[in-house]
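Trainee: Listed below are the residues making up each chain.
Protein chains: 2
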Amino acid sequence: MPQAVAGPEIERLIQLLARMPGLGPRSARRAALQLIKKRDTLLGPLADAMRVAAERIVVCHACGNVDTSDPCTICRDAARDPSTLVVVEDVSDLWALERSGAVQARYHVLGGVLSALDGVRPEHLNIASLVERASDPAVKEIILALNATVDGQTTAHYVTESIRRLDLKVTRLAHGVPVGGELDYLDEGTLMAAIRSRTAF
Amino acid sequence: MPQAVAGPEIERLIQLLARMPGLGPRSARRAALQLIKKRDTLLGPLADAMRVAAERIVVCHACGNVDTSDPCTICRDAARDPSTLVVVEDVSDLWALERSGAVQARYHVLGGVLSALDGVRPEHLNIASLVERASDPAVKEIILALNATVDGQTTAHYVTESIRRLDLKVTRLAHGVPVGGELDYLDEGTLMAAIRSRTAF
Ligand SMILES: [Zn+2]
Ligand SMILES: [Zn+2]
Chain W
1 MPQAVAGPEI ERLIQLLARM PGLGPRSARR AALQLIKKRD TLLGPLADAM RVAAERIVVC
61 HACGNVDTSD PCTICRDAAR DPSTLVVVED VSDLWALERS GAVQARYHVL GGVLSALDGV
121 RPEHLNIASL VERASDPAVK EIILALNATV DGQTTAHYVT ESIRRLDLKV TRLAHGVPVG
181 GELDYLDEGT LMAAIRSRTA F
Chain U
1 MPQAVAGPEI ERLIQLLARM PGLGPRSARR AALQLIKKRD TLLGPLADAM RVAAERIVVC
61 HACGNVDTSD PCTICRDAAR DPSTLVVVED VSDLWALERS GAVQARYHVL GGVLSALDGV
121 RPEHLNIASL VERASDPAVK EIILALNATV DGQTTAHYVT ESIRRLDLKV TRLAHGVPVG
181 GELDYLDEGT LMAAIRSRTA F
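Protein sequence lines correspond, in order, to chains W and U. So that you can map any letter, position 104 of the first sequence is 104 in the UniProt record's numbering, and since no number is skipped, the others follow by simple counting. So that you can map any letter, position 23 of the second sequence is 23 in the UniProt record's numbering, and since no number is skipped, the others follow by simple counting.
One or more of the hints may lead you astray.
You can't tell identical chains apart in this list, so a pair holds if it fits in one copy or across any two.
List of simulated lysine to aspartate or glutamate pairs, DMTMM-like, C-alpha gap at most 20 Å [claimed, not checked]:
hint, residue 1, residue 2
1, K38, E132
2, K169, E55
3, K38, D167
4, K37, D48
5, K38, D48
6, K140, E9
7, K169, D136
Please keep in mind that the hints were generated in silico from the structure rather than gathered at the bench.
Please build the complete structure, drawing on both the sequences and the hints.
Mentor: Here it is as structure tokens:
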């Protein structure tokens, strides 16, 4: 346990920053100092933005997106194609697809992928709610926009089996997605091509 | 300008996170999502810690340290050796030295180093206030704990000239500090050795 040298308020800030993804203890100290130096232009506004986010952001009970309303803005958007559901692993993948502008449909966030190694089983994912949504007669196509990883493809097969009796068109992203790659790291053009060239599954 | 896909509250959080040192736009999105997922255990507490820091942290008018009191905890610590001032470039260096436990004296934060390239001149640094503090008859030694960079050593020479008439013992850190290295990246043991082997300057 290193000696606390900066007073309890700063030490607490450093400790919490160190728990953010991408920051370790050392970079957390540097970040804290930079934030303190930019107190009025960055630290204060960031505190406010985090407070607003902590108080107002909810998970959409329909699709699993995060937003300040439930149902979320996307679920409430009447201009979206009601016949298509895009199944994603995580909200970050939903964001990546929205940024690409490749599809104007609604999403279903599974909240992960099946993984024997990590003990993630079907009941841990939002699969039952997907089957329920997919049972709506308005839904004609399910696009499986899952990562091109072993677990992602295992999950795609499981989801396909789960909705087979509904007799829907089930597609997956074209092989523009690099093998082993993760959606969130791809550029908009690649995602656009992968949506356009989606293939029957 | 990428399309805003996550609602104005989340987009604002992402934008501000992207301005933190060590985070870019993409990692800021991932960080925002992780924070939202850990709303109660991380996002809320971090918002509070930043708010407390933004409201309570001040710069010590005596030494340039950051703390919730002015004078800071170190300046008010009667147990510290009053005969020695440790001159550092930045608060992060003060923290690094405090973590090492190598010295129990007070500090003077210059707030940077002289740099012709960056247009940093003596009047931009806390040198006049250092000369004033060093004029106190209780002060016997100035330890120049500046980075072993060209600018750091230029600054060390300038500070030495500025206080020459005061006839103090002026020392610098021993050459345990790697040439070109920065204090903030060193381990406690190296800093300890460097303080113990400090040489006349
Ligand atoms: Zn939704
Ligand atoms: Zn002080």
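Trainee: Run every hint past the structure and note whether it holds.
Mentor: Now the hints, each set against the structure:
no., hint, verdict
1, K38 / E132, "neither (49 Å within a copy, 28 Å between copies)"
2, K169 / E55, "neither (39 Å within a copy, 57 Å between copies)"
3, K38 / D167, "neither (57 Å within a copy, 38 Å between copies)"
4, K37 / D48, "both (17 Å within a copy, 18 Å between copies)"
5, K38 / D48, "both (14 Å within a copy, 17 Å between copies)"
6, K140 / E9, "neither (55 Å within a copy, 33 Å between copies)"
7, K169 / D136, "within (14 Å within a copy, 84 Å between copies)"
The structure shown violates the earlier hints numbered 1, 2, 3 and 6.
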